[in-house]
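Based on these hints, arrange chain B on the given structure of chain A.
First to last, the protein sequences are chains A and B. Just so we're aligned, residue 1 is where the first sequence starts under our numbering, counting upward by one. Just so we're aligned, residue 1 is where the second sequence starts under our numbering, counting upward by one.
Just so you know, the hints here were simulated from the structure itself, not pulled from any lab data. Just so you know, even glycine gets a beta-carbon here, dropped at the ideal spot from N, CA and C. Don't take each hint at face value.
Between beta-carbon pairs, the in silico distance windows are [to be verified]:
#1 A44/B with D63/A: 55 to 61 Å
#2 F6/B with M1/A: 28 to 34 Å
#3 D102/A with V61/B: 48 to 54 Å
#4 A212/B with A179/A: 49 to 55 Å
#5 S124/B with S121/A: 39 to 45 Å
#6 S113/A with A219/B: 31 to 37 Å
The following residues of chain B were derived to be distant from chain A, with all beta-carbon distances above 10 Å [to be verified]:
#7 E7
#8 G11
#9 V12
#10 A19
#11 A42
#12 T83
#13 W90
#14 V114
#15 F122
#16 A128
#17 E189
#18 R192
#19 V213
#20 H216
#21 L217
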Amino acid sequence: MVGGENLGKRYGDRWLFRHLSFEVTPGECLVLVGRNGSGKSTLLKILAGLAPPSEGSAKRPDDVRTGLGYAALDQAVYPNLTVAEHLDLAASLRGCQARTMDLLEEVGLAYASAFPARTLSTGMRARLKLALAVQADPKVILLDEPGAGLDAAGLETLASVLDKRLPQTAVVIATNDPAERRFATHELELV
Amino acid sequence: MNSSWFEEAVGVARKEWTAELRDTSALMTSLVLSLGTVFTLALAFYGRRAEPPAAAGMLWVALLFAGVSSLTRTFVAEDEQGTGDLLRLWSRPSVVFWGKAVYAFALMSVVATVVTLSFIMFMSLPVAVPAMLFFSLAGGVAALSGTVTLTSSIISRGANRSNLSGVVSLPLLLPLLALGVAAGRSAIEGSRIAEGWQACAGTWLYTLVVFAVAPHLFAAIWREP
Numbered sequence: 001m002v003g004g005e006n007l008g009k010r011y012g013d014r015w016l017f018r019h020l021s022f023e024v025t026p027g028e029c030l031v032l033v034g035r036n037g038s039g040k041s042t043l044l045k046i047l048a049g050l051a052p053p054s055e056g057s058a059k060r061p062d063d064v065r066t067g068l069g070y071a072a073l074d075q076a077v078y079p080n081l082t083v084a085e086h087l088d089l090a091a092s093l094r095g096c097q098a099r100t101m102d103l104l105e106e107v108g109l110a111y112a113s114a115f116p117a118r119t120l121s122t123g124m125r126a127r128l129k130l131a132l133a134v135q136a137d138p139k140v141i142l143l144d145e146p147g148a149g150l151d152a153a154g155l156e157t158l159a160s161v162l163d164k165r166l167p168q169t170a171v172v173i174a175t176n177d178p179a180e181r182r183f184a185t186h187e188l189e190l191v
Numbered sequence: 001m002n003s004s005w006f007e008e009a010v011g012v013a014r015k016e017w018t019a020e021l022r023d024t025s026a027l028m029t030s031l032v033l034s035l036g037t038v039f040t041l042a043l044a045f046y047g048r049r050a051e052p053p054a055a056a057g058m059l060w061v062a063l064l065f066a067g068v069s070s071l072t073r074t075f076v077a078e079d080e081q082g083t084g085d086l087l088r089l090w091s092r093p094s095v096v097f098w099g100k101a102v103y104a105f106a107l108m109s110v111v112a113t114v115v116t117l118s119f120i121m122f123m124s125l126p127v128a129v130p131a132m133l134f135f136s137l138a139g140g141v142a143a144l145s146g147t148v149t150l151t152s153s154i155i156s157r158g159a160n161r162s163n164l165s166g167v168v169s170l171p172l173l174l175p176l177l178a179l180g181v182a183a184g185r186s187a188i189e190g191s192r193i194a195e196g197w198q199a200c201a202g203t204w205l206y207t208l209v210v211f212a213v214a215p216h217l218f219a220a221i222w223r224e225p
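Isolated chain B, as found in the complex:
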């Protein structure tokens, strides 16, 4: 990786953001689905306080909806528009993967911030260890972005893509969900702190594994016409 590689990856990410800011379809899809989930949960729990394990699980369900519904469009949109060949001709596979993943991380960071703050506010949820919640969500969002970017490239080659996105993504995301929920639970209730930090570290370890493996898998998928 050199400065040229970095500039190229930034170029792909910038292209995605520019198109997204003019279209806002992915951002709106993510926010509508995840905030809709949050508001529904807030109504269901109106006047009652959710137990920390349930609250942590619900927060991750909202984030999962947001990520899988919008980020799987990343490569599917290229395929449907017929623009994938432009990227194949102009750039290297690793540049395309990292550029798309950076865009996905930026998009999910915005969505996760809005959703988490809304969730805490509407559910009147006290968070005992905010730093743990922040780091576990940051690691989770990074891993979610990398995983769904990869699965998006896989399903863009197949038929019936909307069904495929959940089927392909969910098994890969289950370990991340387990770690994220465990860390969120500890962060919210303020108990089993050591286990919570271990789970938090686990989300980052998962992120490392995803970003170590995914670019290689992606290169094989992307070059195969």
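Bound-form chain A, shown alone:
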């Protein structure tokens, strides 16, 4: 389960959002929509524990390492590690099974397992980040613009990965893409 209690975030005097209270349980997918700069990505970072709220509190699994998967457009990967090494490293730190080739097959990146991350295209990096996000079979998945940079096949892969996990996972997606909004069981518009 993931959510927020009276969440608010401000930069200086400007509030991005305030008084947000919600809860997303397994089987539900909350899609955050709103204009650029409305705070969608910031809200996801707060839910992931990567940014502090200005007020209120976020609820997330106790063990973020295995309980929460996060992938964002602006999230970087290690340029000098290969695709497979990213999954191996993440598994060794999370204490979960790496399932490297299975996951790379699932996201359509098996052929690039030995490629250094610095040589990946935006779409390939998005697939790698998706594989990293779902590696530990987390209870919560947070995705920020997951389809950005993906081609038609990549979008189908994303849909397949989410469809497979949605019944047992709470998903929050920040996007304005209609293709990604189709997963929504609820929508939250930030203005």
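Structure of chain B alone, referenced to chain A:
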């Protein structure tokens, strides 16, 4: 700390080494700066033998250059690449600190070995008590690694990081430098042996203090987004 914790820390250290072996920027920076210092000193002292106190001081200056210039990049690089969040999501703060510190110790061990042997050779320096020099350098390198790993995490949050690295690291490293130079001086000239061993033990005590305190400080710094 359990076996899982150990494996995770090894995972972070292995990641650092793998990236370093493909990039070699930290190793090359350390070696170029420290060996450049050694060669300059060797030219300056050509035909003359440096006095033991001066020699011990110069050796530590070379090691300090090497450590502060390269190891402060440890966390700054994560921040600049934008990969810090991966470690925040995947691992515990203590694992990140110890993994990075082990990597820093391994890197500095290589650099210190090359620099010390070059220094002794090019300066034609006889070492009266090699064991004392070895143990004081080993303790010093361990303390230097832990201290600079911590300061790197602090300065990675700030602006103007290159200036900050020296400003933050130097006051913390001054006691270590004093102990290291005192032990090095005794080791080279072979006098005041008891004081030299006390200074040598002091470098290890400093290491203990650093590694007892630093992980706790680091946890507070690392979790604060």
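Legend entry - Minimum Cβ distance from F122/B to chain A greater than 10 Å, as the annotation requires: holds, 33 Å
Inset, instruction - Given the range 31 to 37 Å, decide if the beta-carbon distance of S113/A to A219/B lies inside it. - result: Given a distance of about 34 Å, which is inside 31 to 37 Å, the answer is holds.
Legend entry - Consistency of the no-contact label for V12/B, given chain A and a CB cut of 10 Å: Given that some Cβ of chain A is not farther than 10 Å from that of V12/B, nearest at about 7 Å, it is violated.
Inset, instruction - Indicate whether the distance between the beta carbons of A44/B and D63/A respects the range 55 to 61 Å. - result: The hinted range 55 to 61 Å holds for A44/B and D63/A, with Cβ atoms some 57 Å apart.
Legend entry - Outside-interface status for A128/B - nearest CB in chain A farther than 10 Å: About 44 Å separates A128/B from the closest Cβ of chain A, which puts it past 10 Å; holds.
Legend entry - Given as non-interface: G11/B, partner chain A, CB spacing beyond 10 Å: violated, 4 Å
Legend entry - Verdict on H216/B as a residue remote from chain A, using beta-carbon distances over 10 Å: Given that every Cβ of chain A is farther than 10 Å from that of H216/B, nearest at about 20 Å, it holds.
Legend entry - Cβ distance range 28 to 34 Å for F6/B and M1/A, holds or violated: Cβ of F6/B to Cβ of M1/A: about 32 Å, so the range 28 to 34 Å holds.
Inset, instruction - Determine whether the non-interface label on L217/B survives the test: each CB of chain A must be over 10 Å from its CB. - result: Nearest chain A Cβ is 19 Å from L217/B, so the label holds.
Legend entry - Minimum Cβ distance from E7/B to chain A greater than 10 Å, as the annotation requires: violated, 6 Å
Legend entry - Beyond 10 Å from each Cβ of chain A, as asserted for R192/B: Nearest chain A Cβ is 47 Å from R192/B, so the label holds.
Legend entry - Beta-carbon spacing of D102/A to V61/B - inside the hinted bounds 48 to 54 Å or not: holds, 53 Å
Hints 5, 7, 8, 9, 10, 12, 13, counting from the list given before, are not met by this structure.
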